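Below are the chains, spelled out letter by letter.
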Amino acid sequence: MRFKKRNTVISIVENEMLHFFEVGARGKKKAVESVKLADLLVDEADANLIPLSVRSRINKLLIVPDYWFGNLVCKFQSMKKSLADAFVERKLHAQYEQLPDVKNFFESISFQREHKERWLYAYFLQDPQFFQLYKTLSRLGLSPHRITSPALIWQSKIRQKMPDFEDGGKCFIELLNNIYHLYFFFEGNFLFSRSIPLADLPADSPDNLQAITYELNQSLYLFSQRAKAEVNNIYLLSSETVTIGSLSEALGREINDLSSLFSEPRGTHASNESTDLIDGYVLSHYFLKNQFLFVSHKKLKKELEWRPVQSVGIAIAILLSLLLGMESIFLHKWSRQNQVSGIHREGVDAGETKRKIRQYNEALDTLIEDAEMRRPEDVIAKIARSLPLQIRMKDIFLKIGTVPELEFKGAAKVLGSELLKGSLSVLIANLNKNLHPRKPLAIPDIDIELDKNKQSYLIKFKVEL
Amino acid sequence: MAADLKSRWIIVGCCWMAVFILTLWNLNKIDSSAKAIEKKEIYLMDEQFWNYNAANISHILKKSASLIQEVESSKIGLFEFESNLRNLALKSGLDNIKLTTQSQVEQDGIIPVKISFKSSVRHAANWFDRLGIELPHAQVRDVKIESDESTKENKFAVSLYYRYRQSVKEGSI
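Protein chains in written order, with this note's numbering: chain A, 1 to 465; chain B, 1 to 173.
The set of hints was computed from the structure by calculation and includes no laboratory data. Do not rely on the hints blindly, as some may be mistaken.
[Stated by the list, open to error] Per label pair, the in silico range of CB-to-CB distance:
id	chain 1	residue 1	chain 2	residue 2	range
1	B	SER66	A	GLY351	19 to 29 Å
2	B	THR23	A	SER78	37 to 47 Å
3	A	ALA229	B	TRP9	43 to 53 Å
4	B	TRP9	A	GLU215	47 to 57 Å
5	B	THR23	A	VAL312	14 to 24 Å
6	A	GLU369	B	ASN56	12 to 22 Å
7	A	ALA315	B	ASN51	55 to 65 Å
8	B	TRP9	A	LEU261	14 to 24 Å
9	B	SER66	A	PHE397	41 to 51 Å
10	B	GLY93	A	ASP378	15 to 25 Å
11	B	LYS75	A	ASP378	31 to 41 Å
[As the list claims (entries may be wrong)] Calculated pairs, BS3-like style, for lysine-lysine (alpha carbon to alpha carbon, straight line, at most 30 Å):
id	chain 1	residue 1	chain 2	residue 2
12	B	LYS144	A	LYS462
13	B	LYS63	A	LYS382
14	A	LYS413	B	LYS152
15	B	LYS152	A	LYS399
16	A	LYS116	A	LYS103
17	B	LYS114	A	LYS382
18	B	LYS155	A	LYS433
19	A	LYS394	B	LYS114
20	B	LYS118	A	LYS460
21	A	LYS161	A	LYS36
22	A	LYS36	A	LYS298
23	A	LYS80	A	LYS228
24	A	LYS382	B	LYS144
25	A	LYS80	B	LYS6
Remember, predicted model here, so these are calculated numbers, not experimental data. The beta carbon of each residue, even a glycine, is placed where N, CA and C say it ideally should be.
The shape of chain B in the complex, shown without the other chains:
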């Protein structure tokens, strides 16, 4: 008798538990659906933005990509960079060009490079200007200028970061 009453209460409890679980499941589903709709809307907005600004975005991506040189090997990239840096200095009329690479302090995608030269401020400014245009993956960190009053010469010591990204794993080189 009492067992029957108890078992019926258990059935009632189970039925209402099912109602409770279904309610929770539905609420969860509504919540996840709302999130999916929101996600979809964001996605569509992104898509729209992407389509309307495709040209600008492409330009920005390209410009941003130029700040970091894509190389197959960091060493080859560095040689190329040093060569370009030297050529640019020569083209800009700088004298006594000295290049020092601190490859031992190489960080992830960055190699510090030092260049020193003698030049007038004008020539140096021209070099800095061309450096920004022709070698955008060179980032100037600091510049030291020493002016000699007697010889009227300016000694420049420039610390740079060579920024690169390795596209393929470095092999034997």
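Here chain A stands alone, though its shape is the one from the complex:
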């Protein structure tokens, strides 16, 4: 699995220098450039100090000396991270008034001790050099995403390999480049570290053994002062030439050899050949697992926390966009085919057919309307058929339209009202039968007047047909 990212670098503060490394597969690191730390610890540090090859890259990790970190352990009952952070922030503010930025660079871990007591372990950057360096790197566009130290990386590494790491105090010894590195942990949390350079003699020479024994005892005393507990076990993490027996004998305590547990091959250096604290396996651990304690600027941390969500969001959206894009292309072609094939393949214009159908519908409506109209000859004939012998037609007004109407005036030559009534009844019955008026005609609808001159009755009515 290759994790090499050519646009990223890691930076390491070591021996008053800031080294920039490119990290390849299996944690192999390739030195890119180095800058004097002192040059960067001034406000007006020039951008030209940063090598060209590094300038446009992302500074993924800054590894600083252990002593740049501080830590505190205190009782804290709540398990809420926000409360713990606010508490640590207040404490740091009170303790480091002269370093206002310290509140941006800390992390806290809640853990349980005996009697189910909840405690808080906080680690933070406390060295003014760091804040100056961070400021300069940020100004030059190289603000590190994560900041850690060798001891913090070791802490994660040891925790994985040693099940009883969190029980009591532990000391880990590493010999590199004729320097003894001592790491002290209490209940799984880093307390402090020390580096003890040896004289230019074999590591197990009596002088060197005496020196390391003295320094180790001093450190064990310091540990007991800080942790209010003793170191239970001492472990040798890596041995070069030192014989564990002679060191154990000189110290008067048993030393356990853990070097086999951490036997990953050392980093192969392409340049700057040196064996240092940040060697290959530590880096490979970083790149493969990304599981070690680190501190990020609070704002950057938020950004890094959200980054996977954003990346997944972008990836899913792009994937969906691609799928939907393909669907769009398909739909576009499909809809065009539908629209084109239906009309042009037949060689007939849909508009023409529509027009023809509309004409047909209009024609049908006109014919139906015309057919529904009363025909005058029919109405006249039906009126004539409906008249009894005693009644003659005088005037007729027939209106033909949407509401056809008939106004009838006639004369009835009958003697007596009974006969008149009889004649009218016949007329009404015949008209209702033949003409089917909207409202059937009845005797009260007929206006009757006596024509004395002609001795007849004038009858008049109006009916809707």
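Given the coordinates of chain A, work out where chain B should sit on it, guided by the hints.
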């Protein structure tokens, strides 16, 4: 730092906006395609109907067209109509034929015409019948009949609509 976080959120938002827009576009396209298919089906059904009923449709269109006379000029059409109306009345044995045209109340494609005559009911009925067949573009609006008992004559006053459609714009006439 915060700006980078913000810009990444903007990118995420833009990506999802693109997804949203594409979804809407696709839905719209599906909708329009469905409508196009429906339209096509209706069109095909219309076509089928047209093909199966071509003879009937043609007959109906012809019959409907006969209700409105296609003329080049409304005035020429009216003269022709009046002449035909008069001839038909004469042929039907009607007397005292009088024609009045109310061209001043001309509506769109309609000119009211009045005809009065004296006739028996039978002759008049015959005239009405022939009018419907020979001059279908004449639409009877109302009929007034006055019967004189002494002379046994019937006076008819018929209001008609002359229905026409001008095929070419009226020129100088």
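These are the hints, each one checked on the structure:
no. : hint                             : in the structure
1   : SER66/B <-> GLY351/A: 19 to 29 Å : holds, 26 Å
2   : THR23/B <-> SER78/A: 37 to 47 Å  : holds, 45 Å
3   : ALA229/A <-> TRP9/B: 43 to 53 Å  : holds, 48 Å
4   : TRP9/B <-> GLU215/A: 47 to 57 Å  : holds, 52 Å
5   : THR23/B <-> VAL312/A: 14 to 24 Å : holds, 19 Å
6   : GLU369/A <-> ASN56/B: 12 to 22 Å : holds, 19 Å
7   : ALA315/A <-> ASN51/B: 55 to 65 Å : holds, 56 Å
8   : TRP9/B <-> LEU261/A: 14 to 24 Å  : violated, 44 Å
9   : SER66/B <-> PHE397/A: 41 to 51 Å : violated, 29 Å
10  : GLY93/B <-> ASP378/A: 15 to 25 Å : holds, 20 Å
11  : LYS75/B <-> ASP378/A: 31 to 41 Å : holds, 33 Å
12  : LYS144/B <-> LYS462/A            : holds, 14 Å
13  : LYS63/B <-> LYS382/A             : holds, 27 Å
14  : LYS413/A <-> LYS152/B            : holds, 16 Å
15  : LYS152/B <-> LYS399/A            : holds, 24 Å
16  : LYS116/A <-> LYS103/A            : holds, 29 Å
17  : LYS114/B <-> LYS382/A            : holds, 24 Å
18  : LYS155/B <-> LYS433/A            : holds, 27 Å
19  : LYS394/A <-> LYS114/B            : holds, 21 Å
20  : LYS118/B <-> LYS460/A            : holds, 23 Å
21  : LYS161/A <-> LYS36/A             : violated, 36 Å
22  : LYS36/A <-> LYS298/A             : holds, 27 Å
23  : LYS80/A <-> LYS228/A             : holds, 27 Å
24  : LYS382/A <-> LYS144/B            : holds, 16 Å
25  : LYS80/A <-> LYS6/B               : holds, 27 Å
Of the numbered hints stated above, those contradicted by the structure are hints 8, 9, 21, listed in ascending order.
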